[in-house]
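Asks: Each chain, written out:
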Amino acid sequence: MPIANVVYRHREAGAPLTDAGAYERAGGWAGLKRALAEMQPDEVLYAFHRSGLRGRGGAGFPMGRKASFIPKDSALPAYVVCNADESEPGTFKDREIMEMNPFQLLEGILLAGYAVGAARGYIYIRGEYEHQARVLDAALAQAREGGFLGRGILGSSFDFDITLYRGAGAYICGEETGLLESLEGKRGQPRLKPPFPAVAGLYGAPTLINNVETLTSLPPIVDRGPDWYASMGTEKSTGTKVFSISGHVLRPGNYEIVLHETTLRELVYDHAGGFRPGRDFKAAWVGGSSVNVVGPEALDTPLDYESLAAAGTSLGSAGCIVMDDSGSMVHATLRLAHFYRHESCGKCTPCREGTLWLERILRRIADGEGRMEDLDLIDQVAGRIGGRVLCALADTGILPVVSAIHRFRDEFVAAIEEGGAPRPEPMMEVAAHG
Amino acid sequence: MGDYAPVDLTAAEQVEFELNGRRVSAPPGTMLVDAAHAHGVRVPVFCYEPRLGPPLGACRMCLVEVEGMRGLQTACSTPVQPDMVVRTDSPLAKDGQDGVLELLLANHPLDCPVCDKGGECPLQDHTFEFGPGRTRFIEPKRHFPKPLDLSSLITLDRERCIACFRCVRFSQGVSEDGALVMEDRGAGSEIATFTGDAYEGRFTGNVIDICPVGALTSIPYRFVARPWDVQNAPSVCGHCPVGCNVELTAREGEVRRVTGRPDPNWEVEEGWLCDKGRFAYPGDRAPGRLREPLIRESRDRARVTTLEEAVDAAALVLGRGGRVGVVVGPEATVEEGFIAQELAAGPLGGAPVQRLGIPGEALAALRALPGAQLGDLDGAGLVLVVGGDPPNQQPVVELRVRKARRLGARVACVGARPHALEALGEHRRAVPGGLAAALADLELPEVESAVVLWDEADLAAEPDAAAALARLAAERGMRQLELGADVNGAGLRALGMPARGVLEAAQAGEIDVLLTVHADPTEGPGGAEWGWALGRVRQTVAIATHASPLADGATVLLPAATHREQEGVYVSMAGRAQRLRAAVPGPPGSAPGWELLLAVMHRLGAPPAYRTAAQTFAAAAAARPALAGLSHDALGALGRPVATPAPPSPNGAPAPREPAGTGLPLVVTRMIFGDAASHRSDALAAVRTGAELVLHPAEAARRGLAEGERVRLRSPSGECALALRCDPAHAEGVAYAAAGPPASGVERLLPPDRGPVRVELAAER
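Protein chains in written order, with our numbering: chain A, 56 to 489; chain B, 4 to 768.
Accuracy of the hints is not assured; some may be wrong.
[Said to hold, decoys possible] For the chain B half of the interface with chain A, some residues (derived, Cβ under 10 Å), not all of them:
1. Pro57
2. Ala61
3. Leu66
4. Leu75
5. Thr77
6. Asp98
7. Gly136
8. Phe140
Everything labelled a hint here was simulated from the structure, so no lab data went into it.
Nothing here was measured: the structure is a model prediction, and the numbers come from that model.
A virtual CB, placed ideally from N, CA and C, is assigned to each residue, including glycine.
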């Protein structure tokens with residue numbers, strides 16, 4: 056259950072590393088220096104591979120494999136795009152990286168760009184992260200001044216620069232092709248795949264898109280070696296992962312842990328401080344909101360990709376939302392259904408109309424207008440959404456709804472029979488105990 | 004509409020796969036929807052529309068099951084693969100289709116009884132064939148105030164919209180005006196214009212055709228008819244020489260709608276129409292429409308009569324022994340032109356026949372080069388546009404050139420007018436008389452398959468440029484496509500009808516009686532000269548559809564049918580002979596021009612052997628080499644090219660033509676919504692434009708002329724007064740005039756052969 060601050064280097068340093076000098080003193084830039092001085096791009100790419108690092112944005116696709124899809128012989132320049140549109144409910148891990156340790160992210164983008172032969176990097180940051188955008192902007196300026204960006208980086212023949220681009224507040228722009236559309240100045244909507252971004256991404260050019268945390272993991276991998284990284288965790292879940300924990304816990308926040316070494320119980324009770332007196336664990340959305348909700352039976356599950364999958368949920372973006380027994384599953388599910396309805400881009404019919412329908416049904420149940428057949432209807436409507444849309448928004452957005460009406464069916468039945476679900480107490484009550 | 008792309012099942016390379024248990028094949032790369040359609044299996048679609056570019060995959064209507072692939076696949080975006088096993092009718096595929104329709108209908112208002120789309124609505128049809136019989140959605144539906152006028156022509160009903168993005172993709176990717184966008188997101192998505200202004204342009208009406216629900220409907224057609232109340236006739240547009248294939252919708256004896264054909268002509272318009280072609284039809288019942296035959300008894304007294312009596316009177320006037328001249332206008336069909344020739348050659352004893360149009364002797368070498376159809380622009384390596392202003396004068400050409408560019412063609416433009424195609428590539432702006440020099444200045448890439456689009460009027464006015472272009476095109480192996488000036492100019496040329504003769508004879512006092520067929524020469528180029536020459540003509544027989552100075556003063560007036568009201572053949576500028584079909588009969592006091600001419604021949608005791616339009620065309624085909632082998636039946640639904648004319652014998656380099664008169668050289672443009680047809684149609688009232696003079700601001704300043712001022716233009720041929728607009732996109736030292744309707748007098752500034760001319764400008768104070 057130990058904490059291992061690999062991407063949260065500033066926590067080791069005990070201070071924000073928002074100054075290039077401070078970052079260097081904390082061991083920063085070592086990975087980039089090593090790569091440029093001693094390693095061919097292919098060797099760097101192989102290091103990504105060997106580390107076993109999986110994408111930290113939610114899908115968990117092996118990062119090295121994704122990077123290796125970038126064709127070497129393309130007529131168009133390749134790009135690295137950093138997905139900083141951190142919008143998954145309950146997830147705020149990237150925010151701390153950008154706020155406190157921005158140079159490690161820049162170094163990670165540089166390493167990825169070097170490995171795949173990219174001409175330029177982009178950071179697509181969600182519009183609401185105004186402060187973080189300022190920090191990154193300042194970091195970019197310092198990096199340019201220090202010769203870490205621009206032409207002939209650190210005296211090598213590697214030219215690379217990074218452009219910061221602020222989104223305008225849409226969950227769908229965290230979907231990689233929706234992000235690319237938005238970055239191109241278009242309406243943020245997912246594209247038809249194939250072609251995948253690795254082949255035809257930004258402006259139709261080969262594009263590597265990775266999450267902030269994924270890219271921030273790269274400098275230590277190159278610096279300390281992929282075997283060191285792969286030695287943490289399990290074969291399929293290597294390295295460390297930041298869990299953002301929020302909800303009815305007494306110490307919500309970010310905790311970077313080694314995969315598999317910590318269980319959900321340890322995360323909730325030891326790191327996050329458990330619950331208010333007299334309250335007990337009821338449910339958790341372990342990997343952000345777009346996952347199956349689990350109950351106390353999952354508490355002893357080790358936090359890694361395969362164990363959480365075996366427990367019927369997924370690690371996702373590790374934005375762990377926890378609810379104690381004061382919470383209302385009906386209202387929580389309605390709130391999440393509302394979120395997906397509100398964030399649906401409207402391109403695919405099943406998502407556009409289906410998320411609206413699911414919200415309406417749940418609203419009726421919460422308001423005491425529910426019918427018993429509505430529970431089957433939710434199942435069937437969700438069944439007509441899942442697997443029939445372009446992107447993961449609705450594909451996974453139905454998971455918390457469907458899992459809730461199965462795992463916590465009693466609460467929905469009670470709401471239908473008793474004329475609605477009582478509103479839960481406001482969250483300020485929890486804060487008062489913290 | 005053409006929802007599915009054509010599939011060539013006879014292509015050499017075929018991929019074999021299994022479709023609903025049948026072994027079938029399609030060329031590699033074919034999308035499953037198209038392959039299935041080619042094999043008689045309908046996979047329903049909404050957003051898929053091959054003319055809008057690559058598939059979008061948004062509506063999810065075309066879900067099918069493919070063995071070995073997880074879940075359901077969108078057939079619109081899944082190419083055929085060897086030995087793939089596809090089921091469009093399995094329980095899972097059917098659940099996919101039923102599911103999407105259930106979701107689409109959840110918020111659809113189902114106001115079909117008051118919806119113009121009702122009865123011809125893909126959403127209705129798909130629901131009936133593939134969808135659920137009832138809904139499980141019990142919540143209140145989404146509501147918007149409706150309808151919302153998107154423009155003076157199109158209304159938007161946001162409740163009915165299923166967000167298929169077709170209209171947005173048309174605007175973004177076909178007309179490339181970027182005007183339409185999807186606003187907001189999710190269930191609140193709605194169609195809007197980017198600027199918030201009306202959706203106006205040259206091609207807006209196409210979004211009505213491609214909307215698969217009743218969200219975008221035609222304002223002129225609003226609440227006019229139900230599909231079961233109407234008859235649809237496939238025909239050809241007669242408002243410019245492009246020859247777009249159209250479908251005319253008639254109800255109760257009137258044309259009430261013009262749309263693209265369900266099966267478009269891929270060689271011509273691909274199903275896209277310009278707004279003039281689509282919305283000019285109310286002109287057929289406009290106030291100036293001629294409905295009653297008239298016999299003029301004295302200078303200021305005319306008597307309404309029957310058609311019978313009027314034809315008798317016409318025969319009497321023509322057959323009295325005076326010297327007759329026959330003038331045929333560019334809207335006359337091949338049949339009308341042919342009978343006019345036969346009438347002149349036979350009963351009228353060899354009377355001269357002249358078409359109104361450009362003589363164009365200098366164009367023979369260009370016309371003899373291998374010709375291209377508009378469809379050949381797809382896949383061309385280079386599209387060279389010489390002269391003209393296709394977006395205004397041959398509108399659908401713009402869409403075909405834009406498409407060619409999207410498919411990879413380089414586009415280059417040379418000419419005197421600034422126009423919308425210039426932005427698609429390199430361009431050189433020529434001053435009048437300088438086309439040959441500008442052409443020589445243009446560096447053209449060496450590419451396979453180049454097509455040159457050349458403007459008939461501009462190159463006829465600059466024979467040196469025509470000769471240079473013909474040489475260049477022959478050297479480079481370019482195919483040529485004429486940007487014609489007149490609707491059926493090519494058809495009348497195919498008949499061997501000259502563009503001069505009657506005027507000269509009239510000027511020499513050798514014409515006593517004039518017969519006009521869809522023609523009023525006093526309104527067009529050389530109008531004043533014609534007016535002076537015709538002053539000596541004693542009597543006139545006019546076959547015409549609309550009032551004009553000449554028709555109003557005719558001795559005998561025979562009201563004729565318009566191109567929407569008669570059978571016949573038009574030959575497009577690309578040399579494609581295509582059939583007109585009568586959607587409705589003309590007004591009771593009118594008849595098709597060919598019938599009137601035949602009746603006159605009968606009255607003159609020379610009945611020809613042919614009695615119908617088809618027989619007339621067959622006789623013309625037998626008599627005229629250019630039409631050899633053609634017949635109405637042989638033209639079929641999509642028409643056939645006429646024979647390419649023989650190349651002329653080389654006769655050295657033609658000299659440039661000196662413009663007549665003094666002052667600034669004049670460049671006249673026929674604006675898309677500026678002509679008589681647009682001005683007659685009340686539907687186009689909000690978009691039509693008038694005549695105007697355009698000068699570079701420096702040119703105007705030099706002459707002491709101010710924006711908005713009325714300026715008198717004088718050429719050796721005529722004069723008129725126009726409001727001045729200053730625009731720095733135009734060259735200095737040139738006077739540009741938008742022609743406007745005939746009454747503006749702009750075309751009368753030109754000599755009878757539309758040759759080059761100069762104008763003197765003077766403020767009208």
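Asks: Next item in the hint list is Phe140 (chain B). Is there a CB on chain A closer than 10 Å to its CB?
Replies: holds (6 Å)
Asks: Measuring from the C-beta of Asp98 (chain B) to each C-beta in chain A, is the shortest one below 10 Å?
Replies: It holds, given that the least Cβ distance between Asp98 (chain B) and chain A is near 7 Å, below 10 Å.
Asks: Let me know if the C-beta of Thr77 (chain B) comes in closer than 10 Å to any C-beta of chain A, holds or violated.
Replies: Hint holds; Thr77 (chain B) Cβ to chain A Cβ min 8 Å, cut 10 Å.
Asks: For the hint on Leu66 (chain B), just tell me whether its beta-carbon gets within less than 10 Å of chain A.
Replies: holds (6 Å)
Asks: Should the hint that Pro57 (chain B) touches chain A count as held when the rule is a Cβ pair under 10 Å?
Replies: holds (8 Å)
Asks: Given Leu75 (chain B) as an interface hint, is the shortest Cβ-Cβ distance to chain A below 10 Å?
Replies: holds (6 Å)
Asks: Grab the minimum C-beta distance from Gly136 (chain B) to chain A and call the hint holds if it beats 10 Å, violated otherwise.
Replies: violated (16 Å)
Asks: Against chain A, with CB atoms and a cut of 10 Å, does the hint on Ala61 (chain B) hold up?
Replies: Since the shortest Cβ distance to chain A is 5 Å, the answer is holds.
Hint 7 from the list above is the single one not met by this structure.
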